[in-house]
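Undergrad: If you want the building blocks of each chain, they are given just below.
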Amino acid sequence: MRETDPGTERKCLEILRILRDSRDPMGAKHLSERMAEQGFVLSDRAVQYYLHHLDELGFTRKIGNRGRVLTNLGISESESALVGDRIGFVISKLERLAFRSTLNPVTCTGDVAYNLSFVKNEELDAVRSAFDEVVSADIGFFGTYAETENDPRIPKGHTGFITVCSITMDGIFQHNGIPVRMAYGGCLNHIHHKPEGFHQLIGYKGTTLDPLQLFLSAEMASIGRLIQSGDGVALANIRNIPSTAVIKAEEIMCELRKNDFHLPVAVGSGILNVPIDPYQSSIVIYSGMNLIGRAYECGIRMKTEIGAGTIPISRIISG
Amino acid sequence: MDPPLKFIHNQIVEYSMQVTYNPLENEGTVVYNLFLTPETEREYAIQTIRRVAAAGITVGDMVRFIEPGETVEGYTVPNGMIGICTLCSITLDGILLRRGIVTNPIGGGVIEVESNLPRRFTHMILYESTTFDPLQVMASQDLTSVNQVMRQGDGFILGNVRECHMEAENILAEVLDECADSHFSGILEVGMPNASILGVPVSPQYLGVVALGGTNPFAAMKEEGHPVTTLAIKGLMDSSLMEPISHF
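Top to bottom, those sequences are chains A and B. Take the first sequence: its letter number 198 is residue 198 in this note's numbering, and every next letter is one higher. Take the second sequence: its letter number 11 is residue 11 in this note's numbering, and every next letter is one higher.
Here chain A stands alone, though its shape is the one from the complex:
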């Protein structure tokens, strides 16, 4: 887009985002309702106008009278436009899933947020063994994962892997009255199987790219070496909560541990080289991305959508 009016570009980008998240074509009426939910109040007619404009630019395409879909150009535009607005979007997108995570830490029932990865069927066994390695070394977020074939997002000849996304815990915290903020993704170094300190951190508020995926593709993690020798670098997330909420958070995490969640790595202020935020305590937790990271180290390239949705945890436990 090359709009002179930033307001117009913002609206166009929001239309592209809504279409990207929709599995079916969408018409102007439905779109204007969705736009209103996002805080952009537009008449159906105005939406029509923007859609014509987006068609001309090649970002959207009409499917008969069923509505518009995004073209490949439109998908890439939605990932490129308005960089200033997109800084911090990585985490706002995940926070939406925190609201929808309804897991009860005591009964271990309810919905969890998940990441969806998919891989060619011939690489299935290699992925399973990479994932199992990480799970049995207790450096994932949750003690198991599930496979799926019947998700429309998975291409033919591929199998999907569902791993629990650690934003689930933010959901549990906030539903229990603990104000939690995802602060950093980082590379956590270990010596003799003990976390020794973060090598690198990226703050979620200051990036348009997912920190953990960046670390993986820059080969800054060494999950395999950590599992084999006890010395190595794993991926972890850092959240901040008010120091006065630590006791309550510990109670919740204690329940979660009984249900096969591996957490926390550490809790406190000024721990593991994390910058101090006055009156706040950091909770360090291994990321579910360590499973995907180990597979990446084994040379398996799979696509992963972080925070793909929410799903009942029973579906993951049953494999």
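Be aware that a few hints might be false.
[Claimed, not checked] The calculated BS3-like cross-link candidates involving lysine-lysine, where the alpha carbons are at most 25 Å apart (straight line), are:
no. : chain 1 : residue 1 : chain 2 : residue 2
1   : A       : 120       : A       : 156
2   : A       : 29        : A       : 62
3   : A       : 120       : A       : 303
4   : A       : 303       : A       : 156
5   : A       : 11        : A       : 93
6   : A       : 258       : A       : 11
7   : B       : 222       : A       : 205
8   : B       : 222       : A       : 303
9   : B       : 6         : A       : 194
Hint data in this document are derived by calculation from the structure and do not stem from the laboratory.
Starting from the known structure of chain A, arrange chain B on it as the hints suggest.
TA: Quick look at chain B alone, frame taken from chain A:
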């Protein structure tokens, strides 16, 4: 208690205070990036840096090669590898600081180029939010197409952005003129006061300055499948130890 990690904006400020480089004289201390590549890649590296410098997608044309086993600033280049030092764009913040212009380093990211003109940033990591140079990791993410930009003028390159107060506009223009004729030539775009620059917002009464990343030649090498390791913002060096790439 463990010492907290240092975020890049602190590192940039610390380095820029030590820069004494004068672009007119081509003298003084600069900030450099260090790259490692196998010895067998030497000729290819020279050719690539030359091409990228000729296309104007580097911070400057000054380089220094470090032979295997040699030491630079306490870092020993491993056997079988050569080290390549190039100018780091933080040198610009140092040059400006010596003229009394304090800059706020904002961040590094990916710039979309269309018909040989910078169009917008498409990705950005803020310096206050990261403990390592964003351009170091972005060079390894399949996000760049430096080679394509050189061939057809369209694609994605690496760059960074800082802001300074609009009061500095006149001195800034002077310094940029001096740089234009020097071996330090990495300035890509200067914004208007109070206006976002290539899509990145600036503070009230500030204007943005975008510089090219010193990592672009190495992103180009990675794109073509050649092995190269980046140690961005490695340290300070006297510019007399570096030579224009055309001398190699």
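Undergrad: Hey, residue 222/B versus residue 303/A, does the alpha-carbon distance stay inside 25 Å?
TA: 21 Å, holds
Undergrad: Residue 6/B and residue 194/A were given as a pair; does the straight-line alpha-carbon distance stay at or below 25 Å?
TA: Holds. Residue 6/B to residue 194/A sits at ~22 Å (cutoff 25 Å).
Undergrad: Are the Cα atoms of residue 120/A and residue 303/A separated by 25 Å or less?
TA: Holds, at about 10 Å.
Undergrad: Within 25 Å, alpha carbon to alpha carbon, are residue 222/B and residue 205/A?
TA: Given pair residue 222/B, residue 205/A is violated - Cα atoms ~29 Å apart, limit 25 Å.
Undergrad: Are the Cα atoms of residue 303/A and residue 156/A separated by 25 Å or less?
TA: 14 Å, holds
Undergrad: Is residue 11/A within 25 Å of residue 93/A, Cα to Cα?
TA: Roughly 18 Å between the alpha carbons, so the hint for residue 11/A and residue 93/A holds.
Undergrad: Is residue 29/A close enough to residue 62/A, meaning Cα to Cα at most 25 Å?
TA: Holds: residue 29/A and residue 62/A sit about 14 Å apart, inside 25 Å.
Undergrad: Holds or violated: residue 258/A with residue 11/A, Cα cutoff 25 Å?
TA: This hinted pair is violated, its Cα atoms lying about 46 Å apart.
Undergrad: Within 25 Å, alpha carbon to alpha carbon, are residue 120/A and residue 156/A?
TA: 9 Å, holds
Of the hints listed earlier, those the structure fails to meet are numbers 6, 7, in rising order.
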